[in-house]
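Participant: So you can see what is in the structure, the chains are spelled out below.
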Amino acid sequence: MLLEVRDLKVAYGAIEAVRGVSFSVDRQEIVTLIGANGAGKTSILRALSGLADIRGGSIEYAGQELRGARPHEIVRMGISHVPEGRLAFLNLSVHENLLLGAYIRKDKKGIEEDLDKVYGLFPRLRERARQISGTLSGGEQQMLVVGRALMSNCRLLLLDEPSMGLSPILVQEVFGTIVSVCRMGTPVLLVEQNAGMALSIADRGYVLETGRVLLEGESSALAGMEEIRAAYLGE
Amino acid sequence: MEHFIQLLIFGVQLGVIYALIAMGYTMVYGIIRLINFAHGDLVMIGAFTAYFVARIPGFGFIPVMVAAMIVPAVISVVIERLAYRPLRNRPRLSVLITAIGVSIFLENLPRMIPVIGPNYRPFPQLIAFREFRLYGSAVVNTIQITNIAASLILLTLLIGIVRFTKTGRAMRAVSFNKEAAALMGIDVNRVIALTFFVGAALAGAGGVLYSLTYPMIDVLMGVWLGTKAFVAAVLGGIGSIPGAVLGGLLMGIVEVFATAFNSELGYGAGFIILILVLLFRPEGLMGRPTIEKV
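Residue numbers (the working numbering), protein chains in the order written: chain D, 1 to 235; chain B, 1 to 294.
These are computed hints drawn from the structure, not numbers from a lab.
List of simulated lysine-lysine pairs, DSS-like, C-alpha gap at most 27 Å:
| no. | chain 1 | residue 1 | chain 2 | residue 2 |
| --- | --- | --- | --- | --- |
| 1 | D | K106 | B | K166 |
| 2 | B | K166 | D | K109 |
| 3 | B | K166 | B | K178 |
| 4 | D | K108 | B | K178 |
| 5 | D | K9 | B | K178 |
| 6 | D | K106 | D | K117 |
| 7 | D | K108 | B | K166 |
| 8 | D | K117 | B | K166 |
| 9 | B | K178 | D | K106 |
Facing chain D, from chain B, some residues (calculated, C-beta under 10 Å):
| no. | residue |
| --- | --- |
| 10 | R172 |
| 11 | V188 |
| 12 | R190 |
All C-beta atoms in this analysis are idealised placements derived from N, C-alpha and C, irrespective of residue type, glycine included.
The following block holds chain D by itself, in its conformation from the complex (with noise of 0.2 Å):
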């Protein structure tokens, strides 16, 4: 397992978030944590990148302990986050934002080559590169700080909510892009209210509810179940 996280439990001061959760990537995989607003998904994204508070458990990650590094350095060990809400720097062109993506890598020439890909994945920004990336639009913003947590180089993805506010078009896009990161040898675990669409594209899923795993399993048993279809598909 690249990604073995155990019994982790995370608190916002006396306000429980997740109290004792499991679960595992593989390499290769997408896996999903999907459940209602509160579940407890987003704190498991912030614990897994040294920005919250945890109370308990491991997280092991390529046989190393995360627990108590700091947010840059887990990011020097090879995960990269784009959390909730497309933190873009406005203040920021595209092409800075992109370069600021790779901030870690000195690797000039691989650099250049992955600006080329990131690119040639999301034309639109190469139209807008010189632009101020506040002027963007809320989809292209959501392609921008994809396009940047792929300039990491990284070994793990986490991807927080990255349908949020996105048309049903660009929802279908950047899973679109999901799935070929993951094919490109790049494992991804997605947080996601979009509980169909993320089941869809995932090996593996993880329905949480107030801060524990309720069921786990094949996405495409999951997708099956009755309840799930009830609370979570709307169906």
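Model the placement of chain B on the given structure of chain D, informed by the hints.
Facilitator: For chain B alone, kept in the frame of chain D given last:
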């Protein structure tokens, strides 16, 4: 016309110094939203460093300037580490009050040190004084040339670093959102410390250049000078680097012209402009209206 040119030279000479000092206010504000009230006192520390270093035989303008930039810069990093960083995630008012405390401390500690003390001290003449005729009776002297040239070099260097280097990019990213910057692999604490370092180095340089022109220094020289530079930063739009340059120049020029008109008016002129700008353009001349992040 000759009179106008002469005043303009005085104004620019003073304005570039305000710009150098304003830069520290605007950079620190830009990165952690703190009005660093202790910033003016770093100007004084720069001037006193120069005062002592200039006594070392063989130390001319440039080595003195380098020392006067490094000493306040290091002190500023220490202040950030000990006084501001522990309060980073506390209400902003706590840090603001701490900054005022640091300022009072920096103004009063040197008074107790025997070699500094509370009295005015004559600043050494680091630049050989010569005057050149420019246009009619308008003249420019070597000190003015030094002030303007040194300031422009430092300001250009700073703007170049912020705009075109990887470090500058990291600074702008941290200023926009610290968490998102950390997720890029940027060591946010290091970038903040670096910002304090650079801002204080420019303040120290400003202290030396100011003292070349008005060669009497004392421990409270940074209070008034810092206040005016702060006003210049707000005038230009606090957080905006080109704004600090514009605000500083405007402040210097207006002050000189107003003083020539009426010496009492000179002190207040910059503030009158500040009030007018804040009434009609609260974000300052080059500032951006605050964007609410969703």
